[in-house]
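Here are the chains, one letter per residue:
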Amino acid sequence: MSLLSVDNLHVHFIARGINNQLRTAKALNGVSFDLEPGQVLGLVGETGAGKSLTALALLGLLRPPAQVVAGKIQFEGQDLGLVDNPAGRSARGKSITLIPQSPKTSLDPTARIGEQLIRIQREHGQTDMVKAHARAIEMLEQVQIPDPAQRMKAWPHELSGGMAQRVLIAAGLINSPRLVIADEPTTGLDLTVQAEVLDIFKRLVSANGMSAIIITHDLGIVAHYCDRMAVMFAGTIIEEGPVGKVFEEQRHPYTQSLIASTPKQIAMHGFASAVGSPPNLYDLPTGCVYKDRCPKAQAVCDTTLPTLGVGSTHRVRCHLPNGKP
Amino acid sequence: MNRPLIELHDLVKKFPADGGAQVSAVDRVSLSIQAGESVGLVGESGSGKSTLGLLMTRLTPASSGQIIFDGQDITHMSDEQLRRLRSQIQMVFQDPWGALNPRMTVGRSMAEPFKLHTTLTEAQRKQAVHELAERVHLPMESLKRFPHELSGGQLQRVCIARSIASKPRLLVLDEPTSSLDLSVRAGILELLDTIRKETGVALLLISHDLETVELMTQRLLVLYLGKVVERGPTPEIFKNPAHPYTQTLMSAHLPANPKAVLSRLPTVGEMPSPLNLPAGCLFSSRCPLVRSQCQQGFPAFSNLNGGHANAAAHEAACNRVADSSNWLSSLYQKS
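First to last, the protein sequences are chains A and B. Quick note on numbering: numbering that gives the first Met the number 0 labels position 241 of the first sequence as 240, and the sequence is numbered without any gaps. Quick note on numbering: numbering that gives the first Met the number 0 labels position 22 of the second sequence as 21, and the sequence is numbered without any gaps.
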C-alpha cells in the first residue's frame, strides 16, 4: 500500500474580476501520483505550474478563492478529505508536515525558538513539558545547531538564514511525521549552506524511515536528493518516474526543454530555441496543455489532454512521447 | 595589449557599523576589464560582489582606491560629469519588478534612456523603442502595458533593453537571472550573449550560480568577505580551483545530472561576522588546511599557470599554493 495516494486532484481559483464576472483559473488539472514509504519525490516545474498548490492541497491549507473541486487524497489508506476536517486534521500537521520556504519569515518573530518547538508538540498532544523541552533540544542537536540548549532561548532574528532553515527542519520533523513536504527548502541560502542543510534533511528523513516531497525548481537538488521526480506543467504532472530514468529518457518535450535549459547543457549543445510564455490558466487550450510551446506538436495534440499512464514506473502525459505515437 | 576599458585599483568600500566600527564590504580589490570581455564575479552573500558592482557604476562612492574608465579617473567625478558617463556604464539588477517604475508603461520606461542621453525627437524615440523591443524579443503590444502585467522574464528583457539603449561599453549585471525560471533564464542568457557578440559591450556578471558564470564568462574572480581570493581564466578555475574556499564552493555545487559524482568537501563552521574578521587570511577560521603562517597577514597571490599578462594569469591568495599543498581532496582521501 502506498503511503500517499493522490488521485485526479483539481484546484480552481474562482473569483470575480473587475467587471463583476466570475472567472475561474484552473490551477491544478488532475494531479495524480503515489508515494511509497521511505521515498523522496522531487516536484519540479516553472512558476505557476502548481507545485506549492499541490502541497497546500495535501495539507488542507487552501482557502478561498482556491477551491478543491475534485480529487481524492489517501494517506495510509485513509481518505483525508479535500477540505479541513477533524479526521484529516489528525494526520495533517502531525503525520504530514510542511517545511516552508523563506525561513526568516516562517518563524514567529515574537517567540523564542525553543518555545516554538514546544508549541508544535503541545498542539499535537504532547502534555509532558519536560519531555517536550528535551525533545526540542534533541531536534536542534540533530539538525546540527551548535550549543542547542543555549539556542533554545534565541530569537528568530538572531539566527542566520541557514540556522533558521535548520530550525524549520527541526520543527517539521519534531513530531516524527510519516511524510514531510519541503517547499523550496534552500532557496535564498548560499551554496555551501544549501548543501549542508540538504544533507541534514536527507539523513534525518532516511534515518527515521520518513517519506518526503521536495518542491524545487533546481534540477541539481532533484538529481542528487530525490528517488523519484514529477515534472509539472500548467497544473498537471506531465512526466513522472525514477530520477535516473527521467533524466536519461526525457520522454516529454517539456522535460527535454527544461533539462536543455541548464547552463551545462547549453555549453554542450548551444542555446535551445526560445520558449513561449506560461500558459493562461484562465483559458487553457483544449488538448494537450503544452501544445502551444511544443516543437513537436501534431494534429492529435489538439484533441485531448493525454492521459498519464497508470501503474508503470515511468509515466508520461504525451501523445507522442519521444516523438513516437 | 590594449588599454583596459575599466581598471579598479585597490578599491575599498567601508560601511559604518554600530559603535563606530567599520565593515569593509570591499577590501582592496583590483580588476581590469578589456573592451568586449566577459568577466564573472562569484561569492556567497556578504562577499561584497553587489557592492563592487555599485562601486564600478559609481552608484556608491568608494572609500579609497581608484576607478579608471577608458583612461580617465572617475573615482571622484562630479555628478554633472557622471551624467555623461552613465550612458557608457549601465547596470541590470536582480529584481526586475523593483527596477521599473510601476506607474509608467513599459514603453515609456524604455524611452527614458533616449530622453536622457540623446537629442532624438519624440517620433524618433518611439521608433528607437520599437527597434529596441525587437532587439530583446519583446512583443510590441507589451510596450503599452504596465510592469505588473508582464512576466518576470519579459520584465528582465525590458531592463536589459533600457540598459543597452544608450549603447554602453560596460554592462554590470547583478544576478540578472536568479529570480527567473530555468527555461526563461536560458533565454535571457542567450540574449546577453548575443548582445555582447553584436555590440562588443563588456560584461561583468555577478552571480552565485556557478554554472551560469562558467557558461557566460571568460575570466572569473572569486570573492570571500570582500577580498578576491582567486582570479583567472574561467575554464582554468573550474578545472583546477586552487584556493581552499573555491574548492569548497565548487564541491557544494549540485550538477543537474544524477550520474555526476559529488565529491563534497565539508565546510568548517559558518562564515565569520564581517565585524569580527579573522586575522590574516579571511578563510583561516574555516580552512581545514590552516597553518600558523595563515594568521599573519593576508596571503599574497601565487601564480598557478605561469601566465604573466593580467588576463591570462591564474592566481590564488593562499599560502599553500607555493608548495602545492593547497588541495583539500588530498586531505580527505587519506582519512
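Treat each hint with caution, since some may be false.
Below are the DSS-like pairs computed for lysine-lysine, each with C-alpha atoms no more than 30 angstroms apart in a straight line [said to hold, decoys possible]:
hint, chain 1, residue 1, chain 2, residue 2
1, A, Lys71, A, Lys93
2, A, Lys71, A, Lys201
3, A, Lys93, A, Lys263
4, A, Lys290, B, Lys143
5, B, Lys114, A, Lys263
6, B, Lys125, B, Lys166
7, A, Lys152, A, Lys130
8, A, Lys263, B, Lys258
9, A, Lys295, A, Lys263
10, B, Lys125, B, Lys13
11, A, Lys263, A, Lys71
12, A, Lys201, B, Lys114
13, A, Lys244, B, Lys166
14, B, Lys125, B, Lys143
15, B, Lys143, B, Lys114
16, B, Lys196, B, Lys166
17, A, Lys295, A, Lys244
18, A, Lys290, A, Lys201
19, A, Lys103, B, Lys13
20, A, Lys103, A, Lys71
21, B, Lys258, A, Lys201
22, A, Lys295, B, Lys258
23, A, Lys244, B, Lys258
24, B, Lys196, B, Lys258
25, A, Lys263, B, Lys125
26, A, Lys244, A, Lys201
Here are some chain A residues the structure puts well away from chain B; computed CB gaps all over 12 angstroms [stated by the list, open to error]:
hint, residue
27, His11
28, Gly29
29, Val67
30, Lys93
31, Glu114
32, Ala131
33, Ala133
34, Glu140
35, Pro145
36, Ala148
37, Gly208
38, Val242
39, Phe246
40, Arg292
In case anyone wonders, no lab produced these hints; they're calculated from the structure. Only a predicted model underlies this, so the values are computations on that prediction, with no experimental measurement involved. Every residue gets a Cβ at the ideal spot worked out from N, C-alpha and C, and that includes glycine.
Claimed clearance of chain B by A:Pro145, with the beta carbon kept past 12 angstroms:
About 9 angstroms separates A:Pro145 from the closest Cβ of chain B, which leaves it inside 12 angstroms; violated.
Examine each Cβ of chain B, and state whether all of them lie more than 12 angstroms from the Cβ of A:Val242.
The claim is violated: A:Val242 sits with its nearest Cβ about 5 angstroms from chain B, within 12 angstroms.
Satisfaction of hint between A:Lys201 and A:Lys290, Cα-Cα up to 30 angstroms
36 angstroms, violated
Distance restraint between B:Lys196 and B:Lys258, which requires alpha-carbon spacing of 30 angstroms or less
34 angstroms, violated
At 12 angstroms, judged by beta carbons, does A:Arg292 keep clear of chain B as stated?
The claim is violated: A:Arg292 sits with its nearest Cβ about 9 angstroms from chain B, within 12 angstroms.
Chain B versus A:His11 - minimum CB to CB distance exceeding 12 angstroms, so not interface
22 angstroms, holds
Beyond 12 angstroms from chain B, beta-carbon-wise, is A:Ala131?
28 angstroms, holds
Keeping to a limit of 30 angstroms between CA atoms, is the pair of B:Lys125 and B:Lys166 held or broken?
17 angstroms, holds
Checking one constraint from the list: CA of A:Lys295 to CA of A:Lys263, max 30 angstroms. Satisfied?
24 angstroms, holds
Would you check the hint for A:Lys93 and A:Lys263, treating anything up to 30 angstroms between C-alpha atoms as holding?
40 angstroms, violated
Need the status of pair A:Lys244, B:Lys166: alpha-carbon distance at most 30 angstroms?
47 angstroms, violated
Decide if the proposed pair is consistent with the structure: A:Lys295 and B:Lys258, CA atoms, cutoff 30 angstroms inclusive.
With Cα atoms ~28 angstroms apart, A:Lys295 and B:Lys258 stay inside 30 angstroms; holds.
Checked against the numbered hints above, the structure breaks hints 3, 5, 10, 11, 12, 13, 18, 20, 24, 25, 35, 38, 39, 40 and satisfies the rest.
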